[in-house]
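*Asks:* Can you build the whole structure from these sequences, using the hints too?
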Amino acid sequence: MAEVAQPAGAAVAVRAPAGVRARVAANRWMWRAFLAGVFLVLFGPLVILVLFSFNDSNVLAFPLEGFTLNWYSVAAQDTLLKESLVNSTLVAFIVAPLCLVLGTLTAFGLTRFRFRGRGAIGGLVGAPLILPWLVIGIAALMAYGRLDIDLSLKTVIATQTICTFPLVTAIVSAQLFRFERVQEEAAIDLGCSRMQVLRYIILPHIAPALAAAGIFAFTWSFNNFEISFFTIGFQQTFPIWVYSSVRNPDHTAVVNAISVVISAVQVGLIYLAVRLLRRGGAASALGIEEAK
Amino acid sequence: MAAVTTAVGRPRRTRRGVFGIMFAPVTLLIVLFLAPMLIMVQMSIVKYPPDVASGYTLEHYQTVLTDPINLRIAWTTLFIGTTSMILMLAIALPLGYYMVFRAGKWELFILLSLVLADELAPVVKIYAWQSILGREGIFNWFIPGPPVSWLLFSRFAVVVTLAATYITYTTIPIYAAMKAIDPSMFEAAIDLGAGWWTQARKILIPLAAPGIFIAMILVYIPMLTDFVTADIVGGTGSYMMGQRVRDLILSGGDWGSGAALNFVMLVVSIVMSVIAYWLARLNRIER
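Chains as they are written, first to last, in the working numbering: chain A, 1 to 292; chain B, 1 to 287.
Keep in mind that a hint or two might mislead.
To be verified - Within a straight-line C-alpha distance of at most 25 Å, the following computed DMTMM-like cross-link-like pairs (lysine to aspartate or glutamate) qualify: (1) 105/B to 187/B; (2) 47/B to 182/B; (3) 154/A to 250/A; (4) 82/A to 119/B; (5) 47/B to 187/B; (6) 47/B to 148/A; (7) 47/B to 150/A; (8) 82/A to 185/A; (9) 105/B to 136/B.
Stated by the list, open to error - Covered stretches of chain B, going by a simulated chain A footprint (3 or more residues, C-beta under 8 Å): (10) 56–69; (11) 91–100; (12) 112–118; (13) 213–222.
As the list claims (entries may be wrong) - Where chain B lies over chain A, by a calculated footprint (3+ residues, C-beta under 8 Å): (14) 108–116; (15) 203–215; (16) 236–245.
None of these hints come from the bench; they were simulated from the model.
Note that the structure is a prediction, hence the values are computed from the model and not measured.
Note that CB positions come from ideal geometry on N, CA and C, so glycine has one too.
*Replies:* Structure follows, in structure tokens:
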């Protein structure tokens with residue numbers, strides 16, 4: 001008898017009065033609706049791109065017309081698009097490694113050394129992250145014009161590099177801050193050379209952050225519109241191709257198709273970056289990355 | 001000095017070491033970032049830019065700052081930016097609260113979703129809003145009656161799209177600030193009979209205030225200079241400062257006014273970032 005009654009009794013003891021329970025449930029549903037709204041705002045536009053990339057019409061209008069893969073094959077044959085993708089990839093493949101080297105050096109200098117002017121240099125490194133890209137891009141445009149340097153992919157690479165390597169510095173610094181310097185000192189006390197400290201102590205520790213920072217630098221460079229817009233010559237990068245194509249009604253469906261492909265690749269890359277950062281504790285590094 | 005000695009042996013080697021490490025990045029920043037800024041400033045005070053021999057003058061600044069068109073554009077930009085900011089705060093404050101105190105194991109997932117949504121398909125994402133807000137877009141498809149046309153190519157469209165674009169950068173500093181709040185504060189408040197509004201007003205918002213201000217400043221800086229959004233979803237009533245500067249220089253070829261206006265925006269941005277930095281240091285959430 002007692003054994004049967006006990007579970008019921010326990011359940012009653014835990015249960016709140018009906019009014020409170022209803023309020024808690026309503027509360028939970030309100031939060032769910034709110035979150036659904038947030039995710040709709042965040043990913044709704046992307047879902048729409050996917051839908052329209054398979055839609056058998058060149059007009060962005062509801063209701064949808066029918067399924068087609070036509071836009072993907074049109075996109076695959078567009079030479080201007082192909083050129084812009086090659087240009088963006090080329091730029092990103094040059095910018096990302098450059099940023100990785102420059103950004104890591106700067107992170108070391110700023111976190112491992114005390115020297116005069118450190119605050120000023122820290123400010124100079126942080127400035128391209130915070131100041132608007134429009135302002136930086138226009139200043140670069142004027143400087144290249146004034147010095148008679150022809151605008152080309154080279155000028156894009158130059159200006160993108162100084163705007164992106166501070167991001168690497170931020171991510172790598174976050175990792176270096178967490179890293180116990182005692183380990184480096186111990187290695188030196190035990191007779192390691194500086195190269196050995198770098199090779200066996202520091203590099204293994206910051207490797208995940210380096211890889212993640214490299215991927216972020218790559219996507220930043222690949223996605224960059226403002227800087228490229230002002231410092232490019234007659235060529236196009238992919239974001240610039242998109243910008244000029246969305247204003248051309250004949251092109252909209254092709255833009256959707258190629259954007260879906262590029263986004264899928266980027267999701268893969270960013271997933272990789274996040275996995276790597278998680279190995280070294282993601283949240284704080286991401287928090288700093290987002291400080292732009 | 002002690003820190004230097006323990007880091008890498010003798011101080012003299014250290015100084016040379018840091019010079020070697022920082023030489024390349026700092027030189028590049030000076031040549032490719034600082035020097036262009038100075039050239040821009042020079043262009044803003046040269047009489048007939050880019051001809052430096054034509055003499056120096058401050059008249060571009062006078063023109064730019066007194067032109068009623070610029071003042072109206074500045075007002076439009078501020079209005080759009082602020083409306084968008086209010087919209088973002090209305091989302092970011094509850095979202096930050098949810099992530100820190102309610103989400104549990106979903107916290108990191110939401111954070112990563114914010115980052116991912118920000119990184120994907122930059123220009124196309126803005127243009128996708130055309131198909132949401134347009135005459136034949138989703139909204140008008142669902143809403144019965146004749147199509148509502150002010151949804152797209154209007155201030156409304158720019159406000160909504162800017163908010164959707166910058167929500168990540170608004171939420172993360174607020175989230176970081178709320179992360180530092182002790183959850184037992186809310187328990188104490190509930191025990192003392194506080195409702196959700198009192199909790200938000202007396203605990204959440206005051207304690208997260210520095211993060212909220214930092215988020216506002218960090219988002220205002222790129223948002224007030226944004227020109228892509230207004231280009232793609234904006235209309236005649238939503239001409240913004242970023243577009244104005246771009247058009248002065250690229251279409252108008254007016255380097256003097258363009259540079260002067262650009263310099264004004266640079267100064268505003270620097271002042272705002274210094275305030276943000278100061279706030280962050282004051283509250284030690286910057287690390």
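*Asks:* Give me the numbers of the hints this structure contradicts, sorted from smallest to largest.
*Replies:* 2, 3, 5, 8, 9, 10, 15
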